Amino acid sequence: MLKKTAFMKSFKKQFELQVFAIIGIIFLIIFSYIPMAGIIIAFKDYKLTSGLLGMFTSEWVGLKYFREFVNDINFTMVVRNTIAMSMLKLVFTFPIPILFAIALNEVGNQKVKRVVQTVSYLPHFISWVVVYGMIFSFFNQQNGLINQLLVKMGLISDSLLFLAEAEYFLPLVILSDIWKGMGWWAIIFLAAISSVDPCLYEAAIVDGAGRIRRIWNITLPSIKGTIIIVLILSLGNLLGGGLGGSNFDQAYLIGNKANFRASEILQTYTLRMGLAQGRFAYAAAIGLLQSVISVILIYSSNFFARKITGEGL
Amino acid sequence: MIKRTRILSLALSLIFLLVLAGCGQSSTELEDKEASEQDEANQGETVNEVDYSSITWDSPDISWKQDTSPVTFTAYIDYGWWQIDTWGVCQVTQEITKRTGVSMDIVKGTDRTYLQVLLASGELPELVYTDYLVQRFWEPKVSYPWNELIEEYAPEYMHLIDPIEIVNNTAQDGNFYTLKSHYANNQDWKDERVVPSPGSSSFHIREDIMNEIGNPDIETIDDLLDVYEQVRQKYPDMLMYVKRPGSWDSFALWYGCEKNLYVDSDTVSHYISNPGWFEYFKLANNMYRKGYFTKEIFAYAGDQYNQVVSSGNVFSVTGNAPTSDQFNEIFEGGNTDAKLTPLLNPLKVNGEMKYVQLNMGTGWSSTFITKNNKNPDRAIRYIEFLNSPEGQKLTNFGIEGEHFTLNKEGLLSRPDGFEKLTINDTGIGLWCWRSSGMYEGISISSDSRKDMIETLKAIKPYVVRNPALSFSKPAADTDELTIMVQIDELFSTREIEIITASSEAEAIEKYNQMMEDAKAIGLEQLNNYMTEKYAISKVRYETLLD
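As given, the protein sequences belong to chains C and U, one line each in that order. Residues in the first sequence are numbered consecutively from 24, following our numbering. Residues in the second sequence are numbered consecutively from 557, following our numbering.
Treat the hints as calculated values from the structure; they're not laboratory data. Only a predicted model underlies this, so the values are computations on that prediction, with no experimental measurement involved. A portion of the hints provided could be inaccurate.
[Said to hold, decoys possible] Here are the simulated lysine-lysine pairs, PhoX-like style, with alpha carbons at most 20 Å apart: (1) K851(U) x K697(U); (2) K1029(U) x K70(C); (3) K697(U) x K70(C).
Next comes chain C alone, as it looks inside the complex:
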């Protein structure tokens, strides 16, 4: 009884904060947990016309849709492309905002720093559709600026098929993702850097540490926790595109029938062969496979992060 009163007292004291937390929990339950019941359609012969109840009343078909996907002639290609795109984006796009934040932190002139920061995070607000329009204008073979420039500079004799050859797809994806997300994600790391105790830098300067030494021995260790948490979150969404979660947008827009050998990924394949055909059960099976891989990735990365650095979620 005493415990209950204490709980109520403490709850009443934190009422405003608790309201926010409760709203968040309700939101999660309604929009994240309850819909999970829909996973069962991955194992059922679900037809659209049977409506929502059909999720429970339709016949079980076991692993039919999983088998169908695994036996699909495009299975290996789609999985390989998804993993390649995700891993390469992680390797190339994850460190860039950290380096950029550190570089920006070292800029002494506040005006320059502000301008650079603003200009760098503005692309984050441009939609991928518009970004693709820009990519087309820059990279198309007929009159793209980059092709014209390369030809004029004598670096190539004929225009390159940036948009149609599979080999150029991943570089385009990575470069555009870096351009669009670098400034935005640097904000998190800049915030972490700003919380580093200035005394540490002053002491290091007194000890004769140079700029690189200070970055290596003070800045990076101080923001290690933030880096690891962002890395784990990125790994959790690795198949979705890491930090920006942009795999689908990029594959859908920059990808086409000509470069499909590199651009067809799980999400675009699910859309075309599952959702667009109203084959929700098949789409759910592919989505579930993807989620299982993501859960494994997030737990294993957290485990290794704890083992190696002692920090994690």
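Could you slot chain U onto chain C? The hints should help.
Only chain U this time, still in chain C's reference frame:
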């Protein structure tokens, strides 16, 4: 301060709960719907036995004229390109409301998945206008059968419908849930004003450049390739050929290859089974290796295709019927020294004319009156209005006297200043959800875009109509439909690899691989299924026509 924060927190919670409440359909709404369904059933019982066969479209007793009080339907239009998504902004919709009392709250689909989600969630609007996987709507749980609604609320309408149209649209349960729009029966088809769809693939070349090289005759594909060589001598940087995304390649059509069903006597197969592709691929690969087009043309979406053709650096184009008119307007507006003209005669292959346009001839888009419709009586009567000559004239031609008058040839005469009006002003040609091919034909044949009309008239003799084929395609949610989709997907990606192969031997190897993969997916099962279905529906049509 604490009090203010507390109020703020509670207000936020309230907003959140209201938002959640808004996500669901209220029980009151459902009760209203059930009550209204009951009313409709009762109303149906009061219909009297009358001889409707004497009623004509002009009769004052016709059902749609009986109630013109205001009614609003929610409607879903499954076409991203639909120009108008607000009712009442254009003259035709204003006039429809004036005459019938009907207006609509419109939702326009942006992609094909959205309607499927609405269907699964039971949140379909009252009317749905689509041409995609329509058999999912041929379900009494999803849509009202038109025959039942007609029987109850517009009995004379049944006598005014072409019986073949009913056969074209009858589901396996014996009901018809829609009658597709823009259907032309055999008699209408013979009328010279009725032409194929403006979306038909057609070939267009640069008239200005043809004049420069002395207008050589182009009768065969070889003639065209000779012209390409001559043009390339003169304009080495020019792209010889571009294909509009979504259009069927003219070269393939000249080889008798459509991305439609392939019919060989009584056997119906997926188009991949057409042996003509093999020779076409060898030609296309040869053209690619000669540099007449680049791989990038397969990467273009509509906007990029428009951008490239508008640049004036393209010699020939596979587009649709209005392509020449469309780009010539752009060339004129941009002062680009270029002019496109349609190549009217299909080209022969090795002296042989293989070109054919298979047309199932059962119409195009379907309107469904869904089970969520609160006024199915008004909905079916609205359909009756759209089907009437009055409705068809209004939706296809505009308001008589203001937008058109019919001349002696049975074509439309437009008043001065009409050309300044846009489709957004008039809405002409959009709301004809029960139009016949005849009215559409008159509208197209009266169009000011002369190249388009000439193109369509030139295609018409090559059209082969076979409505029985429309029942050969696999129904929604069948294994055969999955196979068909997978083979479509296989073809659409592999064709580019075959065409852009570095040698003819490699192209042949890739073609053989594609056929192997198609077999592994289940090509034979699909072809057997379609052939069986075709045999059944062919008998059905033959019996009817006898």
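Okay, the hints, checked on the actual structure:
Straight-line distance between C-alpha atoms of K851(U) and K697(U) comes to about 47 Å, which puts the hinted pair past the 20 Å bound. Among the hinted pairs, K1029(U) with K70(C) is consistent with the structure: their alpha-carbon atoms are about 19 Å apart, no more than 20 Å. Distance restraint check for K697(U) and K70(C): the Cα-Cα separation of roughly 13 Å lies within the 20 Å cut-off, and the hinted pair is therefore satisfied.
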